[in-house]
Amino acid sequence: MSANEDRLSATLLRPLGRSGVLWYAFVAFLGTIVAAGLFAWFFQMWRGFGVTGIRWPVYWGFLITDFVFWIGISHAGTLISAILRLVNAGWRRPVTRCAEVITAFALMIGGLFPIIHLGKPWLFFWLVPYPNQRLIWPNFRSPLVWDFFAISTYLTGSLLFLFLPMIPDFALVRDRSTGMTKKIYGLLALGWRGTTGQWHRLEVAMQIMAIAIIPVAVSVHTIVSFDFSMAPVPMWHSTIFGPYFVAGAIFSGIAGLIIAMAALRSVLKLHEYLQPIHFENLGKLLLTMSLLWGYFTFNERLTAWYGNGTSEINTFQVTQGGSFAPLFWTMVLVNFVLPILILGIRRFRTITGCVIASIGIVIGMWLERYLIVVPSLAHKYLPYSWGTYSPRPTEILITVATFAAMILLYTLFAKFIPIISIWEMRAGEHPAEDLIAAAERRRLGETHA
Amino acid sequence: MTAVYALYTTGDAAQRAVNSLRAAGYADRDITIISAAPMEDYEFSHIGRESYVWYFATGGAILGFLVATWLTMFTENAWPINVGNMPIVAWYPNLIVMFEMTMLGAIISTVVTLIITAGLGRRMPKLYDPEVTLGKILVGVAAPGDARMADVERALLAAPGAELKTV
Chain A
1233 MSANEDRLSA TLLRPLGRSG VLWYAFVAFL GTIVAAGLFA WFFQMWRGFG VTGIRWPVYW
1293 GFLITDFVFW IGISHAGTLI SAILRLVNAG WRRPVTRCAE VITAFALMIG GLFPIIHLGK
1353 PWLFFWLVPY PNQRLIWPNF RSPLVWDFFA ISTYLTGSLL FLFLPMIPDF ALVRDRSTGM
1413 TKKIYGLLAL GWRGTTGQWH RLEVAMQIMA IAIIPVAVSV HTIVSFDFSM APVPMWHSTI
1473 FGPYFVAGAI FSGIAGLIIA MAALRSVLKL HEYLQPIHFE NLGKLLLTMS LLWGYFTFNE
1533 RLTAWYGNGT SEINTFQVTQ GGSFAPLFWT MVLVNFVLPI LILGIRRFRT ITGCVIASIG
1593 IVIGMWLERY LIVVPSLAHK YLPYSWGTYS PRPTEILITV ATFAAMILLY TLFAKFIPII
1653 SIWEMRAGEH PAEDLIAAAE RRRLGETHA
Chain B
15 MTAVYALYTT GDAAQRAVNS LRAAGYADRD ITIISAAPME DYEFSHIGRE SYVWYFATGG
75 AILGFLVATW LTMFTENAWP INVGNMPIVA WYPNLIVMFE MTMLGAIIST VVTLIITAGL
135 GRRMPKLYDP EVTLGKILVG VAAPGDARMA DVERALLAAP GAELKTV
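If you read the sequences in order, they're chains A and B.
Count along the first sequence from 1, then add 1232; that gives the number in the working numbering.
Count along the second sequence from 1, then add 14; that gives the number in the working numbering.
Just chain B, same shape as in the assembly (with noise of 0.2 Å):
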């Protein structure tokens, strides 16, 4: 399968771009957008916005919590030893516990999540140009199908400055 891009200089000669493939009949999913940057200012960093990160983490943070409650609480009554005339299930030092491993949840569970939703720890895809991190923006479809390349490149051809590429 080959996949058509163009690299581009500026952001706004990239946001031309996208709004040029969309024009062509192309969906956000569909389209690849690669930069050396977060680009906020421009339009087309919207999308693939949805993500599931902060569900993920808020269950991973009471996750964590469920586990410490039972940890503390288990172990004490495993063996009830009266400490310091503490009760046998002293929720006021649990409490550190469950707050330490509570963050623990979330932080890690933040992390898999970013992980596997970002595709991170896989082969990379073929969409992708080295020269992205010397400042380019690439800006491409991953398998437009034979019937529609010339549609895609002339549409990636219709913004400024376009180098365009197949691969």
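Isolated chain A, as found in the complex (with noise of 0.2 Å):
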């Protein structure tokens, strides 16, 4: 074994030993707060609605905002990594599963939000296209199902390309540990050895999927946008909700994905592998995003306000400068300003600087959510039916939860599998140039011969 191969698999399986007392208390920590929220959840089943600030008119409040926050977050992964791959960037390889994992997990706690969001969550299962006992099957028309069939075809596209790549990482665990551990990693491993064949399957399906997987995130958060713009609210009834929203969520994904990525460096002691190069590149995608971003925030807005519809210019004025503005211009100076000037200017783009920024633009793109769902709720049409929301304890619990949920999440899995694919980083480690350039002189060989 080379001094580099022991060094790389020592270092990455290095979180799968021993843990300290610090990791105990911290999961324990995050573990108390999912608790709680879970309590809230109960709390809100038993009781009903009544408990949290959601009434008439504004009937979707933090819990739909909480909704497509995560299902946005959700697209720093696979849709990040999948491009990656396709465009074969090398400096993807210790990216591409933190993303990966942050899909997975944030796809399960937004994917949660509708079913809370029901109230009676048990009865979720009318939404799964079978048919009743009258043979009435649920409406393909309504943007619910199709949020039902976008989000499980993408949850289930993720969970698969997240585990495939895992699978020989998992060989090399099993090769290495005894008594259960051996056995539980080898039924996870499906019996990978590593022949030619295995992995050039391995490549290939992962290839298909990579194409797959695009445009399915792609869609999914069109059909989210769907959920507002097929409606008649005020603000919501765009063209450009479906682009808009898919720019939004790949933006805070990328963000989430920096901060994850700062935090594992960080914590688990892979500055040899997540090195400043990364950040800087992801830093400038995030500062695509963001002008992106500020370039479809502005259309939305000169198109509303150009329109001076009355419905809408309402909930335009009531963003701008009335009771939302602080709400409205904090966002815009942390999903826009601020990473600009971070971002913008070498100088400040290091890893410090990409994090600032996008703990700033994961707060802004909350706040994005939150001014998409509620102001146009609280200011539709005729004044008479236009109110007001007020967050309850309930639902700031549930959301405080789901964010220490997918820390939680992150930090398990870390615990359990490595978070850098060791496979791929030796893939990428090329043998030298005299070696390459005899292997292709005997393949030219046998194409000529």
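Hints in this document: simulated from the structure, not taken from any laboratory.
Note that this is a predicted model, so its numbers are computed, not measured.
Do not rely on the hints blindly, as some may be mistaken.
To be verified - Result set (SDA-like, lysine to any residue): computed pairs, CA atoms no more than 20 Å apart in a straight line:
id	chain 1	residue 1	chain 2	residue 2
1	A	Lys1414	A	Leu1644
2	B	Lys179	A	Asp1407
3	A	Lys1415	B	Val146
4	A	Lys1352	A	Trp1292
5	A	Lys1414	B	Arg30
6	B	Lys140	B	Val126
7	A	Lys1414	B	Pro144
8	A	Lys1516	A	Arg1579
9	A	Lys1414	B	Lys140
10	A	Lys1414	B	Glu145
11	B	Lys140	B	Leu178
12	B	Lys140	A	Gly1423
13	A	Lys1647	A	Leu1254
14	B	Lys140	A	Leu1420
15	A	Lys1415	B	Pro144
16	A	Lys1415	B	Glu145
17	A	Lys1516	A	Leu1570
18	A	Lys1647	A	Leu1391
19	B	Lys140	A	Leu1391
20	B	Lys179	B	Asn33
21	A	Lys1415	B	Leu134
22	A	Lys1414	B	Arg136
23	A	Lys1414	B	Asp143
24	A	Lys1414	B	Ser59
25	A	Lys1415	B	Arg137
26	A	Lys1414	B	Ala164
27	A	Lys1415	B	Met138
28	B	Lys140	A	Thr1410
29	A	Lys1612	A	Trp1288
30	A	Lys1415	B	Asp143
31	A	Lys1647	A	Val1499
32	B	Lys140	A	Arg1408
33	B	Lys179	B	Arg30
34	A	Lys1414	B	Pro139
35	B	Lys140	B	Asn33
36	B	Lys140	A	Ser1409
With the hints as a guide, bring both chains together as one complex.
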């Protein structure tokens, strides 16, 4: 075994070893917050929606804001990973799994919110496309059923996209462990050996999955945007909502990925693998998305303002200069102004700079979702149907708990599975140039023989 | 049945071993090469490249599309209720369901084909060595036959640094 191989495996398998007291304390802390969130959810089920701030006319509050936000964050992983895989970007190798894990967990959390929002979550299966006892099927013309199809397809695809490249790493852990651990990883490795045929099929499968998952990811957030834009509600009924949501999702997703990578780098001491160049590249991508987000926001606002429709202009004004103005301008500051200042100047595009910008963007994108959901519902057409929304502790606790759940799931994942794909890192190490030249000569020789 | 293999520390040595086995009269399908990572820079990585994953993925996508088309049309015609002044079979919204199920079909058939054709989920063949995960490359023949055992051993030892084993 070469010294490089040894160091690679030792560093990347280190987190799978024994954990200190701090790790358990951190997990217990996060677990407590998640438990509090579950308690709030059960309390809501028991007492009814009256315990939340959701009431006429604002029937969608924090819960749907969280739904859109987490589905957006899920675009970090699979989409970015799939694009980087397809273009064969070498720097993707340490990044892809960190990203794909975010997608899997963010989708699971995001997918929970429509169910939480049902009030009676045990009836969620009414969305599943099968006929009831009167042979009536769900209405395929409803955006809520589209959500079911889109999210379940994306979740299935993302989980498989995450799982497939983990198989060789499971085999690696299997071969280096004993007892029950060996059995568990052996089951997960599915009898992987690493023959040339297996490698080739795995790579072809990953290529196909990457091709399939990109349009699915785009469709998911487009369909989430359809939940809004199909309704004749002021500022919702917009033709650019699809791309606007997709751009916002990728934007928040990259920000989430940068934060996760910086945390992993620092906590798991992965400085050698998650290098400043990875943050710089992602920072540039984040800057591009920030500009795109600014462009879409301007487009969306300009058409509403220029059209000057009575109901639209009310919603417009309440966000620009009314009660929602502080949130709106904070959003513009952290989503557009700060990223340009931090990421646009090379000197500031450091790991710290990228993380600061990313934290701002995550907050800003949550605010964006909130500003899409609430002001429009609170200012629909006639003034008699106007209202306000004040979140209550129930939905605040659920929201906080989802952030804790995300960190907890990520922490547990990094504990049991190498968070950086070891075999992909190995595959990135090429032999000396003379060996490549020799192999190429052989290949050409065979071709012309 | 005894399998013979050797472990090598470099791809170049493994390539030489493969070439020696070929020279000894073994076809590519008889040679097993196992590594901890794909070794695209070496010619031996092209052994066993033929696969039908693309075809099955396309088949799965077509199946998903057909099922979705049937599902949406059948259910809308089963209870022909006018919704939002849309036609009973409303193609625009149906296209969304059809697209998702097409992609789901492609994804699932890809994974199923991978599992079947890569021999995953089965009992592991004997020809394997955990040292592969330490970065070594295994080159061997699963069933050389007693008469040809010496030939195989000679071919495997022709490459430098060979660590010969039988299983």
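Evaluation of the provided hints:
| no. | hint | result |
| --- | --- | --- |
| 1 | A/Lys1414 - A/Leu1644 | 18 Å, holds |
| 2 | B/Lys179 - A/Asp1407 | 18 Å, holds |
| 3 | A/Lys1415 - B/Val146 | 18 Å, holds |
| 4 | A/Lys1352 - A/Trp1292 | 16 Å, holds |
| 5 | A/Lys1414 - B/Arg30 | 34 Å, violated |
| 6 | B/Lys140 - B/Val126 | 24 Å, violated |
| 7 | A/Lys1414 - B/Pro144 | 12 Å, holds |
| 8 | A/Lys1516 - A/Arg1579 | 13 Å, holds |
| 9 | A/Lys1414 - B/Lys140 | 17 Å, holds |
| 10 | A/Lys1414 - B/Glu145 | 15 Å, holds |
| 11 | B/Lys140 - B/Leu178 | 15 Å, holds |
| 12 | B/Lys140 - A/Gly1423 | 11 Å, holds |
| 13 | A/Lys1647 - A/Leu1254 | 13 Å, holds |
| 14 | B/Lys140 - A/Leu1420 | 19 Å, holds |
| 15 | A/Lys1415 - B/Pro144 | 14 Å, holds |
| 16 | A/Lys1415 - B/Glu145 | 18 Å, holds |
| 17 | A/Lys1516 - A/Leu1570 | 14 Å, holds |
| 18 | A/Lys1647 - A/Leu1391 | 18 Å, holds |
| 19 | B/Lys140 - A/Leu1391 | 31 Å, violated |
| 20 | B/Lys179 - B/Asn33 | 19 Å, holds |
| 21 | A/Lys1415 - B/Leu134 | 16 Å, holds |
| 22 | A/Lys1414 - B/Arg136 | 17 Å, holds |
| 23 | A/Lys1414 - B/Asp143 | 15 Å, holds |
| 24 | A/Lys1414 - B/Ser59 | 28 Å, violated |
| 25 | A/Lys1415 - B/Arg137 | 13 Å, holds |
| 26 | A/Lys1414 - B/Ala164 | 35 Å, violated |
| 27 | A/Lys1415 - B/Met138 | 13 Å, holds |
| 28 | B/Lys140 - A/Thr1410 | 19 Å, holds |
| 29 | A/Lys1612 - A/Trp1288 | 11 Å, holds |
| 30 | A/Lys1415 - B/Asp143 | 17 Å, holds |
| 31 | A/Lys1647 - A/Val1499 | 12 Å, holds |
| 32 | B/Lys140 - A/Arg1408 | 18 Å, holds |
| 33 | B/Lys179 - B/Arg30 | 17 Å, holds |
| 34 | A/Lys1414 - B/Pro139 | 17 Å, holds |
| 35 | B/Lys140 - B/Asn33 | 23 Å, violated |
| 36 | B/Lys140 - A/Ser1409 | 19 Å, holds |
In terms of the numbered hints stated before, the structure departs from hints 5, 6, 19, 24, 26 and 35, listed from lowest to highest.
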